[in-house]
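Starting from the known structure of chain A, arrange chains B, C and D on it as the hints suggest.
Protein chains: 4
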Amino acid sequence: MSNAHRVAMLGTGLIGDFYTMTLHGQRGRDRVQVVYSRSQERGAAFRERWGVPESTTSIEEAVGHPEVDTVVVGLPNHMHLEAVEAAAGTGKAVLVTKPLARSAAEARRILEVVEEAGVFGGYLEDLVYTPKTLRAVASTRSGAIGDVLWVRSRETHPGPHSAWFWDAGQAGGGAIVDLGCHCIEIVRSFVGKGNRPVEVMCWADTLVHPIEAEDNAIALIRFESGAVGQFEVSWTFRGGMDLRDEVAGTEGTIWLDHFLRTGFEMFTSGEGGYVAEKAEAEAGWQFPVGDEVVELGYVDMFTDMFGAMEEGREPAETLYDGYVVNAVMDACYRSAQTRAWAPVELEWRGGTAPRVARTERREDGLVVIKEEHLPDGRRKLILKDPASGAFLDRVVG
Amino acid sequence: MSNAHRVAMLGTGLIGDFYTMTLHGQRGRDRVQVVYSRSQERGAAFRERWGVPESTTSIEEAVGHPEVDTVVVGLPNHMHLEAVEAAAGTGKAVLVTKPLARSAAEARRILEVVEEAGVFGGYLEDLVYTPKTLRAVASTRSGAIGDVLWVRSRETHPGPHSAWFWDAGQAGGGAIVDLGCHCIEIVRSFVGKGNRPVEVMCWADTLVHPIEAEDNAIALIRFESGAVGQFEVSWTFRGGMDLRDEVAGTEGTIWLDHFLRTGFEMFTSGEGGYVAEKAEAEAGWQFPVGDEVVELGYVDMFTDMFGAMEEGREPAETLYDGYVVNAVMDACYRSAQTRAWAPVELEWRGGTAPRVARTERREDGLVVIKEEHLPDGRRKLILKDPASGAFLDRVVG
Amino acid sequence: MSNAHRVAMLGTGLIGDFYTMTLHGQRGRDRVQVVYSRSQERGAAFRERWGVPESTTSIEEAVGHPEVDTVVVGLPNHMHLEAVEAAAGTGKAVLVTKPLARSAAEARRILEVVEEAGVFGGYLEDLVYTPKTLRAVASTRSGAIGDVLWVRSRETHPGPHSAWFWDAGQAGGGAIVDLGCHCIEIVRSFVGKGNRPVEVMCWADTLVHPIEAEDNAIALIRFESGAVGQFEVSWTFRGGMDLRDEVAGTEGTIWLDHFLRTGFEMFTSGEGGYVAEKAEAEAGWQFPVGDEVVELGYVDMFTDMFGAMEEGREPAETLYDGYVVNAVMDACYRSAQTRAWAPVELEWRGGTAPRVARTERREDGLVVIKEEHLPDGRRKLILKDPASGAFLDRVVG
Amino acid sequence: MSNAHRVAMLGTGLIGDFYTMTLHGQRGRDRVQVVYSRSQERGAAFRERWGVPESTTSIEEAVGHPEVDTVVVGLPNHMHLEAVEAAAGTGKAVLVTKPLARSAAEARRILEVVEEAGVFGGYLEDLVYTPKTLRAVASTRSGAIGDVLWVRSRETHPGPHSAWFWDAGQAGGGAIVDLGCHCIEIVRSFVGKGNRPVEVMCWADTLVHPIEAEDNAIALIRFESGAVGQFEVSWTFRGGMDLRDEVAGTEGTIWLDHFLRTGFEMFTSGEGGYVAEKAEAEAGWQFPVGDEVVELGYVDMFTDMFGAMEEGREPAETLYDGYVVNAVMDACYRSAQTRAWAPVELEWRGGTAPRVARTERREDGLVVIKEEHLPDGRRKLILKDPASGAFLDRVVG
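Order-wise, the sequence lines are chains A, B, C and D. Take 126 as the starting number for the first sequence in the working numbering and just add one per residue. Take 126 as the starting number for the second sequence in the working numbering and just add one per residue. Take 126 as the starting number for the third sequence in the working numbering and just add one per residue. Take 126 as the starting number for the fourth sequence in the working numbering and just add one per residue.
Isolated chain A, as found in the complex:
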C-alpha cells in the first residue's frame, strides 16, 4: 500500500485518455503527475480533463520530473524510440504502448536501450489482459481444452481516430500494425509464450480507403508445436468494433467476444433525444459494453505492471514480447509481398515446444480414429487397420 505510483504520461491522444481514465478510475491509488504533449494547448486540455497537476511540452522535463517513478509512452509509433531513450536515462520504469515500434529492428533497439539502462520495462498490450482472456488463458493452462491447435483473433473497426495512424510512414504500416499487434499477442498467450512463431503467411490489400497502407489483412502464423494462429484485421468493418477470439484444442473450445455481443443490447428509436457514442448509427439496435477500461484489459494491465515493479518480477507483457510482435509483423509484410510463407526472423529467447500430439489408442489391434456414442448406449468406432491401411466402422456393446 506504500506503493502509490506517480506517472509521466507522454501523449494526449485517445490512448492517453484511456490510460489515465484507468489509473484515476475506481479507488485507484496511482496518479498521473505530469503530461507531455507537443502542443501546449492539448497538454492543458488534458490536464484539465483528468485533474493532472502539471503539463509540459518538453519530454525531458516530463520524464525527469522528481516525483515521477514511471513513464508511460503513449505517443505515435514513430516517436517511441526517442521517448524511450529519454526515459530510460532517468532510471525510471518505462511502459510503452502498442505496437512497440514500426519494425523489429526499431523494437530491438528499444529493447536494448531499456535493458542496457537496467530499468523496468513493460509492454502495454491491453487486450491480452481483458478479464475474459485472463480467465480463458488460465483455463487453457489448467488443461480445460487440451493441447491448443488453432487460435483466431479478430480485430476490426472502421479505421483509427487519429490522422497520423493513416500515414504508413508515421505508423509503420496499416491495419496490421494497428490491430494485428493485439492479435499476435492474444494468439501467443493461448499457444504459449515459449512456443516459437516459425513462419507466417499473410494476405494484405487496400480495398476501400484511398490510402497506401493496407486496410484489410489476414495472416496465418505457424508455431513450433504445429499450432496455427490466425488474425483477421480490418479498417473497413461496418457495425461497430468487432473483437473476438476463438481457440480450438484437442479437448475443448473457447469463444470470446469482447465488444459487440457481451450481454448488453439496446434498441432506440432515436426519438428520445439520445445520442449514442461509438455506434455507427444513432438509432436501432446498439451493443454497448459495460466498463470499457475493464473490458478492454486496461485495469488488469496496469495492476500487473505495477505489481511486477513492486514484486521485482517481470510483467506478463515485456518489451521482449513487443519485439516478437514486431518480428511477426515484419514477416507478415514480407509474406504479403513474396506471396508465400515467410520465416519469422527473431532472436528467440523462449525455449522449445513439443509437437501437438494425442496418444494413439487401439482396440483389438486396430487404431481408433473416432468413437461415437449411440442413443442406445452402444459405441460406434471408426477404426483403421494399421497393416492394410483399410478403414472400417464397428458398433460395440
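For the record, the hints were derived by calculation from the structure and aren't laboratory data. Each residue gets a CB set at the ideal place from its N, CA and C atoms; glycine is no exception. A couple of the hints might just be wrong.
Claimed, not checked - Which bits of chain A does chain D cover? Going by a derived footprint, with three or more residues having C-beta under 8 Å, they are:
1. 220-229
2. 297-310
3. 333-347
4. 353-366
5. 454-466
Using the frame of chain A, we list chains B, C and D on its own:
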C-alpha cells in the same frame, strides 16, 4: 487520494469474501483492518486468506477499532440490527449488505438508528452497480428508450451456499428475501427512485426443496407512473446462475445479461484434468464471466460508497432504499397470502411521478394508432375516428 | 400421397397470406382452390397473388365448393362462429385460426357446432408447432428437464397490422386475445395438456396507444401440478417482434428464441438502396429469420392437420384446445378486473395431474437440501435436521 | 402440381437418409421409388426405414427403373463418375451430392458426361440453400451491405460418421474435400458466381487423428473483384458442429450461425433418463437446431432442383459449380504443398467482375478518409492532402 479507508468487516461468509476481494483488488487503496466472526477459527482463516491484520470475536472490538473509519455489515440477516446498533454508536460510516433486514419494521429501525446517530449509511446492493446497469440506467435517463413501461429482473440459481439462508427464521423468508431484494432495486433504478411502488401482486411456492420458505416466486410491482416491475426468483434453476434484466420503454428496449451469456463460452471434454468452478457440470459448454467482482457490481458499489463519504453526498443506494425494498417484499408476502394485489406500506420520501403518456397524434382529424413504413416508401396508418370509435387503415404517400 | 387437399380459404388478410404461402410453398401437394373475401377486390388480388383458381364474396359458395375438402377460417374473430356454422354443415374439415373465439362461451358454441356435425376440426395455433418447440416439447416429455416447474412465453411487437384487431368489439380484447392465446398453448404444451389450468392472476393496462383495449398484459396461470405458466404480451415493444419461451424443470432448463436472435445478424448502413422488411429501422443491426413460415410453425401445423385427417386421429391442436385457451383468457380479464386470482371456468376433459415432486433424500438421517461439488472433489451438503428443524452445512469426502 | 417426381436413390448412408427424410417430409409430393445399395441388407433396411417400395443391388436396375425420372447420387466420392455415367445414359435428371468428385479432372469428366447426354444436372450443395443463406444472399444482391469485401465460411465438427471418408483414396482428401466444398460455394454465393476465383493460399495439417488426410485446413481464395474468401475446416472441433458464415461489405456486415447458436438452448442434468442426440456430452448445455433438414438447406435445395426441372431453367447449383469447387480444392492442395499462392486452374464460363471500389469523396479539395459523428452533432473528418500526401483531422460544424 488522502482518503484511504480502513474497514471493519463483520462476517466471514461468501459476501465477506466478495467484499474483501473487491477492496483489496486491482490497485485499490482501501483495506480491511479487522474482521469479526462469531468463530475464532473462521476469523483466523479469513485473516490469512485476505491478508487482514486483525480478527476478533467481539463486534464491539471490531467496530471500535481506532484505525477503522468504516464498518461493513456482512452478517446473516437476523444479526443486522444488532450490528448496526453497535457500529452507529461509534460514529463511523455503516455499510449494510442486502437485504437490509427481515422486514420493513426491522429495516425502519436500522434506518432510525443510523439517522439518529447522524453517521454515514449505505446499502450494499451490488447488482444495481454492475457496469452494464450503470450505463443502461444512464442511457434510460438520457431518453434512449423514452418512458419506461415495464422492467423485468430475473435472478435464479440452485439455492444459497450458506445453511442459515435456508432457514426462514434467520433469513426472514426464502428466495424473495435472498434474490428479490436485488430485483426490486434494479427495477426501481430503471423506473426512477422517485416513482412510488404502489402495490404488489405476488405468487410464491415451495416446489422442489424440502423447506418451509418459498423456493420460487414471481411478483408484479405497480408504480405510480403506471410502469410495472416484475421479478422472477428461484432457488431451483438448473444450468448455473441466471441474472438478466429487461426494460421496455416507449422508444426503446434494453436487455442485460450479467452471467450466463456474456461473450465467454467454453466447451471442455473434461478429460484434461480441468475442474470447473461454479458450473453445474464439469464437462460440456460452460459460460464463465470475466471478472466477477466487476461484473456483479462490487467495484463500482464501493467506489460510490467511499466517493459519497468523501464528497459529503448520499450514495446511489441509501439505507432508505433498503427500507423501501423490505417494504415491497413485505407486500409480496402479504399478496402471496391474500392472493390479491397488496398495497406497499411505507413512509414515502420520494415525491410524485407523472403517468406514462405519449402525445396523441392526429392526421385529418383521425387519431393515429400506428404507422408502418411500407417497402415502397409509403406509410400505412391505422386510424381511429374519435367520433364514431371506428378503426380503419389507410395507405398514404 | 393420394391425399392432396383442396382448400377453401376464408379471409385475405395477413393470416390468409401466411397460410397460403405455406400450403403452396416448397414441394407441397395441397392447394387453395377458392378464396372468400367480403370484398371482391381483395379476393381478386389474393387470387392473383397466390395463383388461386377462384374467388367469391359468398361464404356459402366457398365452403360448398365441390372440389374442396377443407375449410380454413382466417377471418376476424367476430366472424368465426358464423363461418364455422356455414362450413360444418357441408361435412368438410374445418380448421380455425387463433384465437378460436372472443370468449369461452363463443368458443364452446363453435366446438359444439363442429362436434354435432361430426366433422374434423383443428385449431390453427401455429406457434406450438415451431420446429424448435416441437423438439423442445419432445425433449421435455422424454425427461430431459425433469418435472416442469415454470414456463414463460413472451410475445410482443408494436401492434397488429389490421385495423379491426385494435377494436375490442371485433377482436374480443387487445394484446391478450391477439398474443396471449399463443402463449397459453405454448405453456400448456410444456406443462402437459392433461394438466388442468386452475386459476389465473393477470395485470393488464393500456399504457401507450389511444385505444380501449389493453396494450400490455402479464399473467400467471397456476396448473394442477403446481407448475406456473406466465405470459407477457405487448403491443408497444420496440425493436421488432420478440417471441421467446423459457421452461424451468427440476432437472433442466430450455430457452427458445423464435425471432430476434436466431443466428442471423445483419448490419446495413442504409446507403446501398436496400429496404428492410419488418424491421423498425432501415439501417443498423437487423435480425431477420430464415424461412418465416417454417420458423413460425405454419409448415408443421398443416402437416399435422392433414396428417391427422388422413390417419383418422386428432391433431395436436384441437378445437377443444382453442376453447381452453379462451377459458383461460376469460379468467385473465376477470382477474385483471377483480385484482385477484380468478378460477379458470371450463368443462375439463383432460384428467388429473400429480403434484410436482422430488423424492426426499437423506444422509445420516438428515434431509439433504442441496449438494455442491467442491473443486477438491469433496461434496458440501446443506442439511436439515428433521427433528429440530435446524439447518447446517457439512463437507464430506 | 402434376409434377410429382419419382426418385432412384443411390446410396443408403447418412446423406441418403437426409435426402429421403427431406423428400418424404412435411406435405412433399415427391417420393423415392427405388434405392440402390451395394449391400442387399442395407438396401432392405433403408426401404423399411423410409417406406421406399423397392431396393436393388444393381445401379443399372435403379437408374433404369421405368417410373423413375430423377437419379440422386449419394454414394462415396470415388463412385460418383461411374454412377453418373450409368444414370446419364437413361436420359433422366441426375443430381449429384457434394463434393462432385475427387478432383477437377474427375468433376470435368462428370460434367461432360451429363452435358453430352443432354440431361438435367444438379449439384446437391445443400448449405448454399439454408433459408438464412438464401435471405442473406438476396439482401446482399439488393445492396444491403454494399460491395462484398470478405466472406468467411467455417465448417468444423469432430470428423465424419462413415469409415470411407477417412480414407483419402476413396474420398479424394480429408477435411477440405468433406467440408471445404461447402464453404467454397457459400463464399461464391456471396461474392457472386460471376466473380472468378483467381488464386488460393492454403494451409493444411494433420494435427490430431492418426490418418494421412488433413484434419485441419484454412484457405484464402482471391477473387477477380479483389474480394477474399476464407474457409476454416476441421475434423477436430470439440463441442458439436460449428457452421458459421460471415460477410463483410463496404456498407454492411452479415453473420450467420447455422448450428450451435440458433436460439434453442437446453440444460439437462442428465438425470431424467434423457439421451441427447448429436451432442458430445449427455448432460450440460446443449444447442439443438429446430428442423435439421430445413436448417441445413435440404428442403430448399430439392425445391430448387425440381422447380428448375419443371421450369426448364438451370438450378442455382449446377454441375459446373461442382466442377469449380473441385478446381478450387485442387488449387488448395497445390498451395498447401508449394506453400505459396496457387492459381485456380479451370475453364471459366462466368464472365468478368469489376474491382471492388468506393467513390472517392473530397471536401475543400482534400480526400476524405473517414468521417465520424461527434456526440455534439459535429463531424470529425480524417483528410488527406492529395498534393503533399499529409494526413490531418478536422472538426466541422
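Hints, one by one, checked against the model:
Chain D is given as covering the stretch 220-229 of chain A, and this is violated because 0 residues of the stretch bring a CB closer than 8 Å to a CB of that chain, at least three being needed. Proximity of the stretch 297-310 of chain A to chain D, defined as three or more residues with a beta carbon under 8 Å from a beta carbon of that chain, is not established by the 0 residues found. Under a criterion of three residues with beta carbons nearer than 8 Å to beta carbons of chain D, the stated coverage of the stretch 333-347 of chain A is upheld, 8 such residues being counted. Only residues whose C-beta sits within less than 8 Å of a C-beta in chain D count toward coverage, and the stretch 353-366 of chain A has 8 of them, enough to reach three; the restraint holds.
Residues of the stretch 454-466 of chain A with a Cβ under 8 Å from some Cβ of chain D number 4, which satisfies the need for three, so the listed coverage holds.
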